[in-house]
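S.K.: If you're matching them up, the sequences are chains A and B in order. The opening residue of the first sequence carries number 1 in the numbering used here; numbering runs sequentially from there. The opening residue of the second sequence carries number 1 in the numbering used here; numbering runs sequentially from there.
Calculated directly from the structure, the hints in this document are not laboratory data. Computed from a predicted model, the values in this text were never measured in an experiment. Glycine is no exception: its CB is placed at the ideal position from the N, C-alpha and C atoms. Incorrect hints may have been included.
What the hints assert, rightly or not - Residues from chain B that keep clear of chain A, each with C-beta distances beyond 12 Å, as calculated:
| id | residue |
| --- | --- |
| 1 | Ala-41 |
| 2 | Glu-53 |
| 3 | Gly-60 |
| 4 | Thr-64 |
| 5 | His-83 |
| 6 | Gly-90 |
Stated by the list, open to error - Derived BS3-like pairs: lysine-lysine, alpha-carbon spacing no greater than 27 Å straight-line:
| id | chain 1 | residue 1 | chain 2 | residue 2 |
| --- | --- | --- | --- | --- |
| 7 | B | Lys-113 | A | Lys-89 |
| 8 | A | Lys-113 | A | Lys-38 |
| 9 | B | Lys-38 | B | Lys-89 |
| 10 | B | Lys-75 | A | Lys-89 |
| 11 | A | Lys-75 | B | Lys-75 |
| 12 | B | Lys-113 | A | Lys-113 |
| 13 | A | Lys-104 | B | Lys-113 |
2 protein chains.
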Amino acid sequence: MSDPTTGIADLPAPPFYAVIFTSVRTQVDEGYAEMADKMVALAAQQPGFLGVESVRADNGLGITVSYWQDEASIKGWRQHAEHQLAIQKGHQQWYEAAFTRVAKVERAYGFGK
Amino acid sequence: MSDPTTGIADLPAPPFYAVIFTSVRTQVDEGYAEMADKMVALAAQQPGFLGVESVRADNGLGITVSYWQDEASIKGWRQHAEHQLAIQKGHQQWYEAAFTRVAKVERAYGFGK
């Protein structure tokens, strides 16, 4: 999970997977913030979920990185019915652009908490 | 490179590498913004650089993802003398916490630009 004081995920040693989701918001709200919060809470309950880091700037650009144990857990979350609905709404109204990159984390280092 | 209108990197098809840098700023400025801009410009000149996406929120949490052709280009940039100096200053004064995860991007998809 993420450290509640910093927002940096507390992760095990690699290897594990990262899903890098970079997006640009439209001006449309329509329940966006509630859905975003709900998706983070729901993702955290899925098997293989390791943590999440998420930032959105005032100009609408956002990066959310979620971390997963393996490819199977990523695919499971992707196919979750409520997540599918959120993806569809994101495409239709909330995001002007959105890219997902699925990557295998090989090395990690850092300081602080 | 990043699309200047959105901040989303325009990347080739995988495989390639991502360096996910998540950090929490201290209250210390001391040339931080200038150094951050300089490092992005300098990184973009390095062999193997593919693009960068960067967001920092008002609460101090930031995520910068840089994309690279291979591990060798990541290591070359890491060892660059000016980057080394920036890393050192980051550790000493600009960041309360900072984690780097080096990952191999296996799949990518999205819409918009």
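S.K.: Does each hint hold? Answer for all of them.
M.R.: Structure-based check of all given hints:
Against chain A, the non-interface label of Ala-41(B) holds: every CB pair exceeds 12 Å, the least being about 18 Å. At roughly 5 Å from the closest C-beta of chain A, the C-beta of Glu-53(B) falls inside 12 Å, breaking its exclusion from the interface. The claim that Gly-60(B) lies off the interface is violated: its Cβ sits roughly 8 Å from the closest Cβ of chain A, which falls inside the 12 Å cut-off. Distance to chain A contradicts Thr-64(B) as a non-interface residue, since its nearest Cβ pair spans about 8 Å, not more than 12 Å.
Look at His-83(B): its CB is around 15 Å from the nearest CB on chain A, clear of 12 Å, so calling it non-interface holds up. The Cβ of Gly-90(B) sits about 10 Å from the closest Cβ of chain A, inside the 12 Å cut-off, so the non-interface label is violated. At most 27 Å may separate the alpha-carbon atoms for a hinted pair to count; Lys-113(B) and Lys-89(A) meet this at roughly 18 Å. Taken as a hint, the Lys-113(A) and Lys-38(A) pair is honoured in the structure, with Cα atoms around 25 Å apart against an allowance of 27 Å.
For the given pair, Lys-38(B) sits about 14 Å from Lys-89(B) by alpha-carbon distance, which is consistent with the 27 Å threshold. With a C-alpha separation of about 40 Å, the suggested pairing of Lys-75(B) with Lys-89(A) is violated against the 27 Å cut-off. About 31 Å separates the Cα atoms of Lys-75(A) and Lys-75(B), which puts this hinted pair outside 27 Å; it is violated. Using a Cα cut-off of 27 Å, the hinted pair Lys-113(B) and Lys-113(A) is violated, with the two alpha carbons roughly 34 Å apart.
Proximity of Lys-104(A) to Lys-113(B) is assessed by CA-CA distance (about 24 Å); at most 27 Å being required, the pair is judged to hold.
This entry does not satisfy hints 2, 3, 4, 6, 10, 11 and 12, going by the numbered hints stated previously.
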